[in-house]
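Position chain Y against the provided structure of chain X, taking the given hints into account.
As a plain string of letters, each chain reads:
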Amino acid sequence: MRHGRWRFLLAALGPALALHVVFVLSPYAQAFYLSLTDWTGVAGAAHYVGVDNFVRLGGDGLFLDAVRNNAVMLLVVPAATIAVGLFLANMLSTRKGSTAYQIVYFFPQMLSLVIIAVLWGFVYNPNTGLLNSGLRALGLSSVARSWLAEPSLALPAVMAVIVWSSVGFYVVLFRAAIDGIPRELFEAARLDGAGEWATFRGVTLPLVRESVQVAFVYLGIVALDGFVLVQVMTVGPGGPDGATEVVGLSLYRTAFTYGKFGYATAMGVALFFAALTFAVLALRWGRDREPA
Amino acid sequence: MFSWAVVTALPLIWAVVSSLKTDEEILNSPWAPPSSPRFDNWARAWTAASIGRYFLNSMIVVGGALVLTMLLGSLVAYALARYPFRGNRIVYHTFVAAMFFPVFLALVPLFFVVRQLGLLGTYPGLILVYSAYAVPFTVFFLHAFFRTLPGEVAEAAFLDGCSHGAVFFRVMLPLARPGLVAVGIFNFLGLWNQYLLPLVLNPDPDRYVLAQGLAALSVSQGYRSDWSGLFAGMTIAMLPVLVAYVAFQRHIRAGMTAGAVR
Numbered sequence: 000m001r002h003g004r005w006r007f008l009l010a011a012l013g014p015a016l017a018l019h020v021v022f023v024l025s026p027y028a029q030a031f032y033l034s035l036t037d038w039t040g041v042a043g044a045a046h047y048v049g050v051d052n053f054v055r056l057g058g059d060g061l062f063l064d065a066v067r068n069n070a071v072m073l074l075v076v077p078a079a080t081i082a083v084g085l086f087l088a089n090m091l092s093t094r095k096g097s098t099a100y101q102i103v104y105f106f107p108q109m110l111s112l113v114i115i116a117v118l119w120g121f122v123y124n125p126n127t128g129l130l131n132s133g134l135r136a137l138g139l140s141s142v143a144r145s146w147l148a149e150p151s152l153a154l155p156a157v158m159a160v161i162v163w164s165s166v167g168f169y170v171v172l173f174r175a176a177i178d179g180i181p182r183e184l185f186e187a188a189r190l191d192g193a194g195e196w197a198t199f200r201g202v203t204l205p206l207v208r209e210s211v212q213v214a215f216v217y218l219g220i221v222a223l224d225g226f227v228l229v230q231v232m233t234v235g236p237g238g239p240d241g242a243t244e245v246v247g248l249s250l251y252r253t254a255f256t257y258g259k260f261g262y263a264t265a266m267g268v269a270l271f272f273a274a275l276t277f278a279v280l281a282l283r284w285g286r287d288r289e290p291a
Numbered sequence: 000m001f002s003w004a005v006v007t008a009l010p011l012i013w014a015v016v017s018s019l020k021t022d023e024e025i026l027n028s029p030w031a032p033p034s035s036p037r038f039d040n041w042a043r044a045w046t047a048a049s050i051g052r053y054f055l056n057s058m059i060v061v062g063g064a065l066v067l068t069m070l071l072g073s074l075v076a077y078a079l080a081r082y083p084f085r086g087n088r089i090v091y092h093t094f095v096a097a098m099f100f101p102v103f104l105a106l107v108p109l110f111f112v113v114r115q116l117g118l119l120g121t122y123p124g125l126i127l128v129y130s131a132y133a134v135p136f137t138v139f140f141l142h143a144f145f146r147t148l149p150g151e152v153a154e155a156a157f158l159d160g161c162s163h164g165a166v167f168f169r170v171m172l173p174l175a176r177p178g179l180v181a182v183g184i185f186n187f188l189g190l191w192n193q194y195l196l197p198l199v200l201n202p203d204p205d206r207y208v209l210a211q212g213l214a215a216l217s218v219s220q221g222y223r224s225d226w227s228g229l230f231a232g233m234t235i236a237m238l239p240v241l242v243a244y245v246a247f248q249r250h251i252r253a254g255m256t257a258g259a260v261r
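Protein sequences appear in the order of chains X and Y. Residue numbering for the first sequence follows numbering that gives the first Met the number 0, beginning at 0 and increasing consecutively. Residue numbering for the second sequence follows numbering that gives the first Met the number 0, beginning at 0 and increasing consecutively.
Please note: incorrect hints may appear among the correct ones.
Unchecked claim - Partial list, computed: chain Y residues near chain X (C-beta under 10 Å):
1. P108
2. V113
3. G117
4. F167
None of these hints come from the bench; they were simulated from the model. Beta carbons are placed, not taken as given, at the ideal position from N, Cα and C, and that holds for glycine.
Isolated chain X, as found in the complex (with noise of 0.2 Å):
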C-alpha cells in the first residue's frame, strides 16, 4: 500500500499546481510589482517608478467617478438586496406554493451577466423598451425616460438591475436559515400576542444573523465590480459623463486600449485593497455585535 504513494501523489498534484502556479498564482504576485512601474508592454521598458501611479490615481477625475460609483453600489446594492430577499423569505417561508416562487426569483442568477446586460438594455430602451411602453400604457407618459442616458438615472438603473438578478439567490439562502429556526420559538412569539412585524424583528431577524452577514460580504463583492453590466449596457461605456465608470471598466479601457499597463494594474492593486477592507469590516462588525 506505501508503494508508488509519492509518485500518485506528484501525478495527482503536478499538473493542477503547474496550472494554478503558472496562470494563477504567478499572475497575481506579479501584479502587485507591475503596479509599482510605468510598464506599457513592450518587454525591457518598465521602470520602477514607486508610489506614482498610486499618488496619479487620486487625481484622475475619471477613476475618482468609478471610486465613487462603486462606493455608492457598495452602501445601496447590499441594503437593497437584503432587505428584498429578507421580505421575500419572511413571506414564503409561512405561505403555500413557494417552491414555485422560489425557482422563478432564482433563474436570473442562472444567466450570464451578457445576457442580463442585452436584456436590460432592451428594457429600458427610451422608445420601445418594455420599461417606458409599459409605463405609457399606464397612462404615466411622464414618468418615462432616457433611463441609461440621463446621468442622475444611470447609476440607479444599473443598480437596480444588479438587484433583480441577485434576489433570487438570497431568498434561497434566507429561506434555509428561516427554515432551520425551531417552530416553538414562533409560536410562542404567536402566544405573546407579536404581530407578522415584531415576529420578524423579534426572531426571524436575530436567527438568519449569520446569512445576513455572508449575504453582505459576497454582495459587496459584487458591488465592487459591475463591469459586466456597465461595459454591455451603458452608453460610453461608463457614461453619460462617468456617470456609471466603475473601477474594473477603468482597469479594462486604461489597460488594453491605452495600453498603460502598470498605471491600470495599480488600479487592480486598489481594487483588491477595497475589497479585503470591506471583507474584514464586515466580518468584523459581524463578531462585535455576537452576544457576550
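Positioned in the frame of chain X, the structure of chain Y alone reads:
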C-alpha cells in the same frame, strides 16, 4: 411575492416573445404577442449573425475546460483529502486562497503570460485559463466530499492489488459521483457564462464565445436595427442555461446556498 415573480419573469418572457416578432411589431407594439411566430429570426441569428459559430466555440472551450477542471480538481481534492503528508495544508490553502482574490488584479499580468506562451486567442489557451480559475472552487468543494467517503473500500481494493491510481479511478470516483455531478453543474454554468476572461484573452472574432458574440451582436445589430435577430440571438444564448436549470433546479439551488453557508 407575486409581483416580484412578475418583475423577474416579465423581461425574460418579453425577450422570448419578441424573438418571434417582426421588427415592425417590436417597434410598434412592444407588449403585444406576435401575429404569427417568426422562427426565421432564429435561423437568421444562428447563421447570418454567427450565433451558431459562437455557440460551437463556447461548446469546445467549455467542454474542454470542464473535462480538464473535473479531472485535475478531483485528483487534487482526493490526494489532499486522503493522503496526509508534510505540506498538505499549505498546498490546499494555496489553491483555495485564490478563490478570494478579485480576477481584476490578475488581469493584466495574465494577458501577458498567455501571450508569452503563444496561447492568445486559441482554444487551448482559453481551456487552460478557464480550468486554472475553476480548479480552486472544485478542490474546495470536492475536498470536503472525499473526506466523508469510507476508507474501508479503498483499503480492500489495495489488498486486492490495486495501484493508487486504480483505486482513485475505479473505486473513489464512482463513489464520489453525487459530488462530481453537483460541482460539474456549477462549473458548467460558471464557465458557460464567462465574459471577462475571453474578452481579454480571446480577441479573434472567429473564436468568440457566446457571451462575447452576444455583446458584439448587440452593438452591430443595434446599428442595423435588426431587433428581432438580436432578441433571437439572446433567446438562443439563454436556452442551454434554461435547460440545465429546469433539469437540475433543486440541486442547483441547494448546492449553491450550501456553499454559501459553509
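Here's how the hints hold up against the structure:
Interface hint status for P108/Y: upheld, as the beta-carbon distance to the closest one in chain X is roughly 4 Å, under 10 Å. Annotation: interface hint on V113/Y holds; nearest CB of chain X at approximately 8 Å, less than 10 Å. Checking G117/Y against chain X: minimum C-beta separation of about 13 Å lies over 10 Å; hint violated. For F167/Y, the shortest C-beta to C-beta distance to chain X is roughly 8 Å, which falls under 10 Å, so the interface hint holds.
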